[in-house]
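Enquirer: Sequence:
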Amino acid sequence: MISQNIIILFMFSIFILNNDITGKTVDNNSCKKNNCTAFLNVNRSSENETLTKQNIRKNRFWFGGFASCVAGFATHPIELIKVHLQTQQVVKVGIIGAIINVYKLDGIFGFYSGITGNLFRQATSAATRFTLYDLLKNNFEGEKNIHFWVKALCAAVSGAIGGFFGTPADKTCVRMMNDAKLPHKERRNYKHVFDSLYRMVKEEGFLSLFKGWELASTRASFLTVGQAAFYDQIKILLLETGFFHDNLLTFFVGSFIAAGVATLLTQPVDTIKIRIMNSEPGVFKGYLDCILYTLKLGPQALYKGLIPAFIRIAPYTMLIFIISEELRVNFGKVVE
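Heads up: the sequence shown at position 316 corresponds to 316 in the UniProt record's numbering, and the numbers run straight through without jumps.
Think of the hints as simulated: they come from the structure by calculation, not from any bench.
Built from N, CA and C at the ideal position, the CB exists for glycine as well.
Treat each hint with caution, since some may be false.
Stated by the list, open to error - BS3-like cross-link-like pairs, simulated, lysine-lysine; straight-line CA separation at most 30 angstroms:
| id | residue 1 | residue 2 |
| --- | --- | --- |
| 1 | 185 | 285 |
| 2 | 285 | 211 |
| 3 | 92 | 185 |
| 4 | 191 | 211 |
| 5 | 185 | 211 |
| 6 | 92 | 296 |
| 7 | 202 | 185 |
| 8 | 285 | 202 |
| 9 | 185 | 58 |
| 10 | 211 | 296 |
To be verified - Each pair of labels, with its calculated beta carbon distance range:
| id | residue 1 | residue 2 | range |
| --- | --- | --- | --- |
| 11 | 92 | 280 | 12 to 22 angstroms |
| 12 | 186 | 248 | 42 to 52 angstroms |
| 13 | 109 | 283 | 28 to 38 angstroms |
| 14 | 135 | 184 | 42 to 52 angstroms |
Start from the sequences and build out the full structure, keeping to the hints where you can.
Expert: Structure below.
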C-alpha cells in the first residue's frame, strides 16, 4: 500500500515538474479551426481574473510564522504519537497502543507534553522557512512567471537555513514529547523549553544543542520544497483549469496534495533525525551508523509512522496555508 502511494505521488510530482505553467500558451490558429473561440475568451478571462486577484495583496512577513504556530498547536497530539512510534528501538505498539499508553501515564494532558518546545520550534524554524521563502521568491519577477525549479531552490535554501536555526528547539521538542511515553523514573522531566535548553547546555555542552543539525536542515529543506514550492505550483495548476479561484477550496485542495508530497519527501530523514536527537551520547557513531541500524530493522523502518506522519502533516500543512492565505486575502500588503 505504501509503495503504491509513493508511486502515485511520484508520478504526480513528475507531472508538475514537466509542466511549465508559466510558459504555456494557447495556439490561437488551431483553436479557431476547432471552433473554440468561446473557450479562449473564457480562458483569458479566467487568467486575467486570477492574475488580478493574485496581485491585489501579498503575504506579510509574519503570516507564515503565525499560521505555523496555530497549526503546530492544533496538531501537537498527532506529532507526539508520531514521535513515540519513531523512537521505538523495536516495534512494540502501534498507533492505538501509543495513544492508550500516553493516556494511561498522564491522562488527556499527556497529549500536549512538550507543547512549549513545539511552539518555540514553530516560532524559529517554521517562521524562518516561510519568511525567507517569500523574500527569495519575491526577488524573481514579482512572484509571477517563476519556473518551478526556482521555487524549489528558494524553498530548499529557506528550509535549510530555518532547519539549522530551529535545531535546538526541534531537539528539545522531541525529548519533551518522548518523555510522555516513559515511566516517571526514566523521564528527563524538563519543566519547559527554556529549562530543557539550559539543562542540555549544562549537562551535554553548548554544541549538543545543534547535534543533528545536518539532518534537521535536510528535513526542513525537503519539507519546505514539498509544502511551499509544490503548493504554489499546484495552486497555479488548479487556477489554470478555470474551475478553481483564489478561495478556500483552492487552498484546501492544493495544501492537501502538497502535504502528501511533503510526507513522502521527509519521512526517511525525519525517522533518522528523531532517532539521533533522542539518543544518548555515544549510542550511534554517526548518521550512517543510525541509517544502517534502522535498515537492519527492514527498509520499511525508514517509513515507520508514515500514516501518522501524513495524518499530522496534512492538517498541519493545510492549516498553515489556509490561515496564511486567508490572512493574505484579507490583511495582506496591497500591491499598487
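Enquirer: Are there hints from earlier that the structure breaks, and if so, what are their numbers?
Expert: Result: hint 9 breaks, nothing else.
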